[in-house]
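Each chain is listed here by its residues.
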Amino acid sequence: MATLVIMPRQGQSVESCIITEWKKKKGDRVEIGDVLFTYETDKASFEEAAKIEGTLLEILADEGDIVPVLSPVCIIGEPGEDISTLLAEHGANEVPKEENAPTAVQPLEAPAAQTVAPSEGTAVDVASLKISPRARRLAEKTGADLSQVIPTGPNGRVIERDVQRLLDLGLTMAAAAKAALAPIPEHAVTHQEVPQPAAPASANEAEYRDVNISAVRRVIAKSMHASLSTMAQLTLNASFDATKLLAIRATLKERAETLGLPNITLNDMILFAVSRTILSHPDLNAHYLEEEGVIRQFTSVNLGIAVDTERGLLVPTLFGAEKLSLAELSAKAKELISAAQKGSISPDLLRGASFTVTNLGALGIESFTPVINPPQTGILGVCNITRRVKEVDGKDVFYPAMGLSLTFDHRALDGAPAARFLRDLCTNLENFDLLLAK
Amino acid sequence: MPKSQPIYPEQAFRPDVIRFTDIPVCQYNKTLEEEKKNYTKDDFMRIYHDMRTIREFEHMLNEVKTKGAYGGIEYNYPGPAHLSIGQEASAVGQAFPLDINDLSFGSHRSHGEIIARGLVAIHKLPENELYDIMKNFLGGRILSIVEKHMPADNIKKLAQNFLLYGALAEVFARSTGFNLGLGGSMHCFFIPFGLMPNNAIVGGSAPIAVGAALYKRCNGKPGIVIANIGDGALGRGSVLEAMNFASMDQFTKLWGMDGKYSDKGLPILFNIFNNIYGMGGQTWGETAGYGYAARLGAGFTPTQMHSERVNGYDPLAVIDAVSRKKQILLEGKGPALLDIVTYRVSGHSPSDSSSYRSQEEIDAWIAADPIAAFRKKLVEGSIATEDEFDAIDEMIVRRTEEIMRLATNDEISPRMDLDKEPDAIANLMFSNQKVPSFDTTRKPDMLMPKDEVPRVKEIKNKVRSALDKDGKPVPKMKLYNIRDGIFEPVIDKLYEDPTLIIYGEDNRDWGGAFGVYKKMTEAVPYHRFFNAPISEAAIVGSAVGYAMCGGRVIVELMYADFMGCAGDEIFNQLAKWQAMSAGILKMPVVLRVSVGSKYGAQHSQDWTALVAHIPGLKVVFPATPADAKGLMTAALNGTDPVIFFESQRIYDLGEEFLPGGVPEGYYEIKIGEPDIKRPGKDITILSIGAALYRVLKAADMLKEKYNISAEVIDARSIVPFDYTKVIESVKKTGRILIVGDACERNSVMKDMAANIADLAFDYLDAPPVALGSRNWITPAHEYEEYFFPYPEAIIDCIHERILPLEGHVPTHDFTDVAKTERLRRGV
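Order-wise, the sequence lines are chains U and Y. For the first sequence, the residue numbers in the numbering used here are 56 to 493. For the second sequence, the residue numbers in the numbering used here are 5 to 831.
Chain U extracted, bound-state conformation:
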């Protein structure tokens, strides 16, 4: 019996996903576990594996289409099977219920379900969209990608806010895609009487390749740009003596197996130190919410961990870090980082951080200016370890110095409090044994 494959819901906050690639073609044989297609939310990428075997009979959404969660994406069944009923049911979902027109004055059924429901399942066909002139105008002006729109206006009309949402998600048409949609008619070119200036050398097609900007990239781009264009960011650099930290780490590593500990990394230890330090500096464990006129100080430490993945930067959140032991924290962080790298992380875990730690130390970076993830007020950059000299008892002594770069939002707090946090953090890291004992 033919079966509909629906777009899974990846977390409560996800309303729809973009199909990024079909791994199977219509008519292909599908075994259980075969990847059917890949898809992305605005924050992460996923693969959808077949849960039944059979033949891919119909594909209901193309690559690049936005598909609401729980909506049909494809049909798997046996060759020759009649899928018209399934298709009809699928089509019928689009027709608003009209037969139960309510009588006057009685409270009506909340129309959200029918008016907000997008045209389910199929690719959004821009040409057949009901779109308000104003929304169309905005889309044309901004290049918003209407093929990904979710209509929320009366009777499934795309209205201004729907286009605005595309823009908020960074879903605009790339220049190349735009050109593809609106090719210049040939005759218009051949009839040009004015000689065309020679194309600049850089425009030679062989010399570049257009890579479509992924949804994740768009989100990062938008978020980073918004961060730098709206905040008053500056970075403080400091370093601490990592002698003790390295020693403790060595011990832990040695004993890991016997104590049943996970592989605790330096990064885990820094996360741990941050979680134990930052609550005394509430303006940095906070969100700066200008429109609401508040700085929201969190009572718990939700650490964002910047993870470099194939799709780009992802920042999973380690909730309640201050309550975890070093071992628990380490295990949890590993889990998050792995999920992020695999692309299987729940979008719900990609939000809600109160402070972020990013680590470029392994790549030999000595200091940098991390970019805050809004509306957070700070981000700690962890740098590499260098050998430095300090005077001890009148003698020059070499020691391993680890760099820390703290970017903070000067709108939310001033330089001195930020420096105090950095100083306290360094002190705690230099005395990590005491911190563990606390």
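Honestly, the hints are just simulated from the structure, not real lab data. Being a predicted model, the structure only gives us computed values, none of them experimental. C-beta atoms are modelled at their ideal positions from N, C-alpha and C, and glycine is treated no differently. Be aware that one or more of the hints could be misleading.
[Said to hold, decoys possible] What follows is a set of in silico ranges between Cβ atoms, one per label pair, in the way DEER data are often shown:
id: 1; chain 1: U; residue 1: T197; chain 2: Y; residue 2: D762; range: 21 to 27 Å
id: 2; chain 1: U; residue 1: R264; chain 2: Y; residue 2: D762; range: 45 to 51 Å
id: 3; chain 1: U; residue 1: K106; chain 2: Y; residue 2: D762; range: 53 to 59 Å
id: 4; chain 1: U; residue 1: K378; chain 2: Y; residue 2: E796; range: 47 to 53 Å
id: 5; chain 1: U; residue 1: E195; chain 2: Y; residue 2: K674; range: 33 to 39 Å
id: 6; chain 1: Y; residue 1: N431; chain 2: U; residue 2: E195; range: 53 to 59 Å
id: 7; chain 1: Y; residue 1: E796; chain 2: U; residue 2: T197; range: 58 to 64 Å
id: 8; chain 1: U; residue 1: E195; chain 2: Y; residue 2: D762; range: 34 to 40 Å
id: 9; chain 1: U; residue 1: T140; chain 2: Y; residue 2: A605; range: 35 to 41 Å
id: 10; chain 1: U; residue 1: T197; chain 2: Y; residue 2: A428; range: 44 to 50 Å
[Said to hold, decoys possible] No more than 16 Å apart at the CA atoms, straight line, and that leaves these computed lysine to aspartate or glutamate pairs for EDC-like:
id: 11; chain 1: U; residue 1: K196; chain 2: U; residue 2: D120
id: 12; chain 1: Y; residue 1: K380; chain 2: Y; residue 2: D391
id: 13; chain 1: U; residue 1: K79; chain 2: U; residue 2: E113
id: 14; chain 1: Y; residue 1: K264; chain 2: Y; residue 2: E526
id: 15; chain 1: U; residue 1: K196; chain 2: Y; residue 2: D766
id: 16; chain 1: U; residue 1: K185; chain 2: Y; residue 2: D391
[Said to hold, decoys possible] With the Cβ distance kept under 8 Å, some of the chain Y side facing chain U (calculated, not the full set):
id: 17; residue: D267
id: 18; residue: A605
id: 19; residue: D762
id: 20; residue: L763
id: 21; residue: D766
id: 22; residue: Y767
id: 23; residue: A770
id: 24; residue: C801
id: 25; residue: E804
id: 26; residue: R805
id: 27; residue: P808
For this one, chain U is given, so just place chain Y on it according to the hints.
Here is chain Y on its own, set in the frame of chain U:
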């Protein structure tokens, strides 16, 4: 109602009988020999000449209509031709005793009256005055054509050519006609000769003529006014209203004011050219029961309107009667009524096959032809020879042919060039002038200095804002409200423009049903401020006539619902005469109507759409005291008819918007400018009239519950309406709801929605939506929230049709399904 005239039971119940005096019927019996003492040969010959001129004019039109040619000139004239062949003696007889101070209003069948009165005026006017009239009329345009192409050896003959050419060019819709061809056959007139507009609505001239008589009476102008109507018009309510209005006791019993002002009756003659048929309906024996139309006079006044029936086929009998009536009217004993019995040999129009009358009947009347009979009488009485008459006939035929040639020549008599001047007619729809006073030579008649008027003194102590200095609501009794906003410009204008008169039902002692004129009565003499009978047609119609003569007038219909009773007067008269006269007439009339509430289906209707639909009317609907004052000031300074809507829901409200409250001094708001009452960014709500306050409440709810910021614009005016501000707002918000209290179908809101969709299409996030009242009868007050647009319905409508509101659960059904079903059912 005046307290000066108490009526007690013993008086009301006193036994009595109503006595009538005999009404003369065709009693004129003077012989020619007797009349020779009263008329010179020239008089007799002029009477013949004038009748014959009319006959030839009508004959020409009949030939053109039925044969497409006259005098060898082919011409296709598709327009109306209601000819008066047979009625010439009546027209000429009436004109004979009149002069240019006497104003006559006619009907669709008035070519004869134009020619007759014109020829008499030409005869009576000194040559220099006559020439000046022609030279000054439309910048001498018609005169120069006539001087060039139909020169004459004297001014009088030139003037006759001028009259006939101007009239025919008007009939043929030439831009060289008396009204640039915009009046045409049924509406031709020429004020300098005392010829006021003729009217294509049967009986339409009766109430208008009453207004002209009112103008003469209130402003002390010489002459009488004649309403020329047909016997068919006696079935029209507006005519009976006009007769009753003209007969009011107050002219003689109250207006005298202890000898200070005139106590004369209205100088108006209702003149019935009784040709026995109202189109095809026979008024004598079929469609009426009065028998002799002269009987009607006995129904209106104890004087029986000095009514009599006269043989309209004998010009001398008509002259005799009209002369006597004119004398009576000049003595202040009006009104008067004449039943001039005549016959139109020609059909109602050239398409009339006379299926309603026998050929024998027509032949009998042709045999009694008044022109032939008069000629025979003069020949037999040795006044003139056949040859003399033949010479007159020949001259008239030649002249008529020449006029026909001239008036059909496209070079000499071009039509308006609407290709070159596409706005030529548009520019005539409103006069748009500012005339603070229509007579600056006189001091307005008032009974006390302005600052002593009780109402003025009362307003002085009122607070001109809804909130006091501390932001607390001002108590009702101390609050300057919308009534005061309307009153202030009115009292100012009474002291500025001596021609301003004010009337309507219950205006004077009551102060208007809703108290707008309260405590004003003591200050204004009767002839400027009086109670009208419950005669909406006569109230509006007379205002039209008053304004046509050059006076300013405010009339009130109490409830907007009563506009239906004055339908013709508002839609066809008040609205049209400025343009139909090619801008010669001004129409400074303010018609106040009040939109009720709580009073059910016939007293709670907003009929803005009806008047907004009719070209030529300005329409305003202020909703605040400052706007009421500003718009009334503008209406009273202007020269155009303004329908001034008021709402009974909000008369008591103070000024909530204008900083500093309602200005104390002169304050004028340009008609046509909407006003942003509250700025916003997410949706525009345009309100009409009293709906403003419910819209503001809805805007509050939108803000509080859904964080939607609504920009609220008060239309204030409906016609004209400058969309600039609204379109700017819509460009910003992308959404608009238009709300008013009128039933939604074909409402002003719908019209505005369509215009906004036209003008701002590319900026819209949703179609402009109109929300009015349901297409029902207005139910009792207790159900009003189901009928009028209340804030909850406004929000539901926005949610369903414009911008779904998160979590909103509507209680009104604005879905497509419900809407389609309501439209299908016509409800």
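Hints, verified against the model:
Between T197/U and D762/Y the CB atoms are about 26 Å apart, so this pair conforms to the stated range of 21 to 27 Å. At roughly 48 Å, the beta-carbon separation of R264/U and D762/Y lies within the given 45 to 51 Å, and the hint holds. Between K106/U and D762/Y the Cβ separation comes to about 55 Å, which falls inside the hinted range of 53 to 59 Å. Take K378/U and E796/Y: their Cβ atoms lie about 49 Å apart, and the range 47 to 53 Å holds.
Judged by the Cβ atoms, the range 33 to 39 Å given for E195/U and K674/Y holds: they are separated by roughly 37 Å. Under the hint 53 to 59 Å, the C-beta atoms of N431/Y and E195/U, about 40 Å apart, miss the expected range. Taken as a hint, the range 58 to 64 Å is violated for the pair E796/Y and T197/U, whose Cβ atoms sit roughly 36 Å apart. Between E195/U and D762/Y the beta carbons are some 21 Å apart, a value that contradicts the proposed interval 34 to 40 Å.
In this structure the supplied range 35 to 41 Å is violated for T140/U paired with A605/Y, their Cβ-Cβ distance being about 54 Å. Evaluation of the 44 to 50 Å hint for T197/U and A428/Y yields a pass: the beta carbon distance comes to about 47 Å. For a cut-off of 16 Å, the pair hint linking K196/U to D120/U is broken: about 21 Å separates their Cα positions. With a C-alpha separation of about 12 Å, the suggested pairing of K380/Y with D391/Y holds against the 16 Å cut-off.
The straight-line distance between the Cα atoms of K79/U and E113/U is roughly 11 Å, inside the 16 Å bound, and the hint therefore holds. Using a Cα cut-off of 16 Å, the hinted pair K264/Y and E526/Y holds, with the two alpha carbons roughly 15 Å apart. A C-alpha spacing of about 12 Å is found between K196/U and D766/Y, which places the hinted pair at or below 16 Å, so the restraint holds. Taken as a hint, the K185/U and D391/Y pair is broken in the structure, with Cα atoms around 87 Å apart against an allowance of 16 Å.
Proximity of D267/Y to chain U is violated relative to the hint, the smallest CB-CB distance being about 61 Å (cut-off 8 Å). Evaluation of the A605/Y hint against chain U yields a violated restraint, the C-beta minimum of about 20 Å exceeding 8 Å. Taking 8 Å as the C-beta contact cut-off toward chain U, the hint placing D762/Y at the interface is violated, the least distance being around 12 Å. Checking L763/Y against chain U: minimum C-beta separation of about 12 Å lies over 8 Å; hint violated.
A cut of 8 Å between beta carbons decides the hint on D766/Y: the least distance to chain U is about 5 Å, and the hint holds. Interface hint status for Y767/Y: upheld, as the beta-carbon distance to the closest one in chain U is roughly 5 Å, under 8 Å. Here the hint on A770/Y is kept, as its CB sits about 6 Å from the closest CB of chain U, short of 8 Å. Restraint check, C801/Y versus chain U: the minimum CB separation of about 11 Å is more than 8 Å; hint violated.
Nearest Cβ of chain U to the Cβ of E804/Y: about 6 Å, under the 8 Å cut. The hint holds. The interface hint given for R805/Y holds, since its Cβ lies 6 Å from the closest Cβ of chain U, which is under the 8 Å cut-off. Taking 8 Å as the C-beta contact cut-off toward chain U, the hint placing P808/Y at the interface holds, the least distance being around 5 Å.
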